[in-house]
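J.: Now for the letters of each chain:
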Amino acid sequence: MEYEQATLQASKTKIDHQEFYQGIIATGPILLGIIPFGITCGIMGLTAGLTQVETVFMSLLVFAGASQFVAITMIAGGITSWIVLAMTTLLVNLRHLLMGASLAQYMIKQTLPKQLLLSFLLTDEAYAVTTSRIYQKGYSAAYHLGVSLSLYFSWVLSTLAGVLAGSYISDPMSWGLDFAMPATFLVLLFPRLKCRISIIVCIVSALLAVAGSIWLPGKWYMITACVGATLIGGLLEGVQKYEK
Amino acid sequence: MRSDILVIIFSMAIVTFATRFGCVALFRQTKMPVWLERWLRHIPTAILTALIIPALILPKGQVDITLHNHYLLAGILTAIVAYKSRNIVSTIVLGMGTMIILRLID
Chain A
1 MEYEQATLQA SKTKIDHQEF YQGIIATGPI LLGIIPFGIT CGIMGLTAGL TQVETVFMSL
61 LVFAGASQFV AITMIAGGIT SWIVLAMTTL LVNLRHLLMG ASLAQYMIKQ TLPKQLLLSF
121 LLTDEAYAVT TSRIYQKGYS AAYHLGVSLS LYFSWVLSTL AGVLAGSYIS DPMSWGLDFA
181 MPATFLVLLF PRLKCRISII VCIVSALLAV AGSIWLPGKW YMITACVGAT LIGGLLEGVQ
241 KYEK
Chain B
245 MRSDILVIIF SMAIVTFATR FGCVALFRQT KMPVWLERWL RHIPTAILTA LIIPALILPK
305 GQVDITLHNH YLLAGILTAI VAYKSRNIVS TIVLGMGTMI ILRLID
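So the protein lines, in turn, are chains A and B.
Position one of the first sequence corresponds to residue 1 (our numbering), numbered consecutively onward.
Position one of the second sequence corresponds to residue 245 (our numbering), numbered consecutively onward.
Just chain B, same shape as in the assembly (with noise of 0.2 Å):
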């Protein structure tokens, strides 16, 4: 292994650690306070909405609302199916089933 590589891929490592456990050891030395947890409670939920929304949206990283949008079709289909459901199994069996016909067809 080349010495610079190495080098790049420590110091990569090295603050993608920083980035995860930060916030942990902050943590560690002094209690959270309490607007600071009812700020945090909604994480999960704007994060998985920032997970989902661009890669329906912009799959090749330029918006695409129209019907070549396969990821934005499936995506929609997918969403009536999780909502109804609840049921990881069968949305993801019918989401990327969707995904693959419409790859087919088109």
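Chain A on its own, in the form it takes in the complex (with noise of 0.2 Å):
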């Protein structure tokens, strides 16, 4: 009974080790496109004053790359009350309120200190490749941390190959390698388009998203897109099952 029980145990580890390493290699793609965001963030970092350490330190510590480069350009047109950057990071990241909320009812059946280490590492690209994982096979809280090690390392390091290599290289966003990104997520929408109502979703969530992206400031238009598609998403499946 007792060796039963060591086995499963064991195997079960194996298991996990296998989804963690699934999860590293699930971000190769995405980190084409981080790396180079990466470096450019080291780069803009000094550009705007502040040291490498400093740079590097907001990597580290902050992990969530459009508001980094918001607040560097912020501190570079001379701007360091923390009181506006805090707030202006918030209303960068409020989206991730709506990915925690996503990823809530598989998280909290997790230990603390995972709920806390995952959260910390969320960012849009852990969220994606995450969430399509689970939609195949379900939620693997050990995929779910190779992958954001995984984007969470590469982006601290690419930081920090930015404010080293720095001077010696030119503006690497101009290299294209930032499509990675949205070729990889085109990858992962096309299965969730099966039935009528998530086609309609993503119809929906990208004419806002373009409206949202015209006419309102930062990163609202993902908040915008995200909770009218999903609202529109709700209603009609409320409808679906009164119709049946």
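To be clear, the hints were calculated from the coordinates, so they are not data collected in a lab.
In this text the structure is predicted, and so the values were computed from the model without any measurement.
A virtual CB, placed ideally from N, CA and C, is assigned to each residue, including glycine.
Mixed in with the good hints, there may be bad ones.
[What the hints assert, rightly or not] The list that follows gives simulated cross-link-like pairs (lysine to any residue, SDA-like), each with its CA atoms no further than 20 Å apart:
no., chain 1, residue 1, chain 2, residue 2
1, A, 109, B, 275
2, A, 241, B, 278
3, A, 12, A, 22
4, A, 137, B, 275
5, A, 14, A, 24
6, A, 194, B, 275
7, A, 241, B, 285
8, A, 109, B, 254
[Unchecked claim] Here's a subset of chain B near chain A, in silico, CB distances under 7 Å, partners left out:
no., residue
9, 256
10, 266
11, 327
12, 336
13, 343
[Unchecked claim] Rough simulated footprint, nothing fancy, chain A against chain B, three-plus residues with beta-carbon under 8 Å:
no., segment
14, 284-292
15, 299-313
Combine both chains into one complex, guided by the hints.
T.: What follows is the structure in structure tokens.
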């Protein structure tokens, strides 16, 4: 009996290891886009007057590409009030609330330290890859952690590369490697468009995202698109259920 | 490290963590209602779309539906490959390949 439990435990650990590595591998294509982004973040930090250590420290602690770019740009423009920067960061990152809500049902079953760690590491990219795995095979915390840590270390190390190589590299964002991200997300999106409702959600989200990008500041388009499209999706599902 | 920059970095880190952990912390306390689950089910599709479409149509911040928009051209081709193959490796290789070729010829 004890032996059986031990082997059961051992095979579970083995599966966790495999899923952890699968998570790391799954981030591969996205890293093509993250690395030039991180290098640019490092270079911009120096241009804004931050030291090498400060720039890398920001990537280590904040780990949120878009809001770091916004903050660095504001610091370069002479805005150094921490209240203004914290408020801006809050607005840029509000979309994480929606992703957290969507992952909460799986994450609350994990231990508290794991919940805290996975939350700290939550990004658009980690969310996209992890939910696709949930859609295909169900949730795995080991996989989620593999994805998140791979993105985290790539972000921190590429920021470090940016501050070290700084002046030798000319604008890495112009390489077009950032296209790897929408390309990866396309592969993750298509399997989801199986029913009429999800196709409608996709179309509404696309329209709201474009309209929001034109008329709203910062990352607000993501919140508008997400809230608007999912509300319509939820309502349609309610109607469908009522019809049956 | 200067203390004012340190305060900025810490406040950004705390605020960001709050947005990431907020909902998880909330649903630790209370069970998620059914209507909310039904609503949340569509979030991945909506978020993926909102990440993709502006990156292709407004790569530089303004709407650009011309042949000079490499992101849009490569994006359309990538979408077709992604739809047909459902394979991440071939989609990325083809998509990035297209992007590089477009940059070389333009």
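J.: Decide, hint by hint, whether the structure agrees.
T.: Hint by hint, here is what the structure shows:
1. Among the hinted pairs, residue 109 (chain A) with residue 275 (chain B) is consistent with the structure: their alpha-carbon atoms are about 12 Å apart, no more than 20 Å.
2. In summary, the hint linking residue 241 (chain A) to residue 278 (chain B) is supported, as the alpha carbons are separated by about 13 Å, within the 20 Å threshold.
3. Distance restraint check for residue 12 (chain A) and residue 22 (chain A): the Cα-Cα separation of roughly 15 Å lies within the 20 Å cut-off, and the hinted pair is therefore satisfied.
4. Of the pairs offered as hints, the one joining residue 137 (chain A) and residue 275 (chain B) is violated, with about 24 Å between alpha carbons and a cut-off of 20 Å exceeded.
5. For a cut-off of 20 Å, the pair hint linking residue 14 (chain A) to residue 24 (chain A) stands: about 16 Å separates their Cα positions.
6. With a CA separation close to 29 Å, the supplied pair residue 194 (chain A) and residue 275 (chain B) exceeds the 20 Å bound.
7. Restraint check: the Cα-Cα separation between residue 241 (chain A) and residue 285 (chain B) comes to about 15 Å, which is no more than 20 Å; the hinted pair holds.
8. Pair hint residue 109 (chain A) plus residue 254 (chain B) does not hold up; C-alpha atoms about 29 Å apart against a cutoff of 20 Å.
9. Given the 7 Å rule on beta carbons, the hint for residue 256 (chain B) holds: about 5 Å separates it from the nearest Cβ of chain A.
10. A hinted interface residue such as residue 266 (chain B) counts as satisfied when its beta carbon comes closer than 7 Å to some beta carbon of chain A; here the least separation is about 5 Å, so the hint holds.
11. Taking 7 Å as the C-beta contact cut-off toward chain A, the hint placing residue 327 (chain B) at the interface holds, the least distance being around 5 Å.
12. Proximity of residue 336 (chain B) to chain A holds as hinted, the smallest CB-CB distance being about 4 Å (cut-off 7 Å).
13. Residue-level restraint check for residue 343 (chain B) holds (minimum Cβ-Cβ distance to chain A is 5 Å; threshold 7 Å).
14. As drawn, the segment 284-292 of chain B meets chain A at 9 residues by the rule of a beta-carbon pair under 8 Å; at three or more, the given contact holds.
15. With 6 residues having a Cβ less than 8 Å from any Cβ of chain A, the segment 299-313 of chain B passes the three-residue criterion, so the hint holds.
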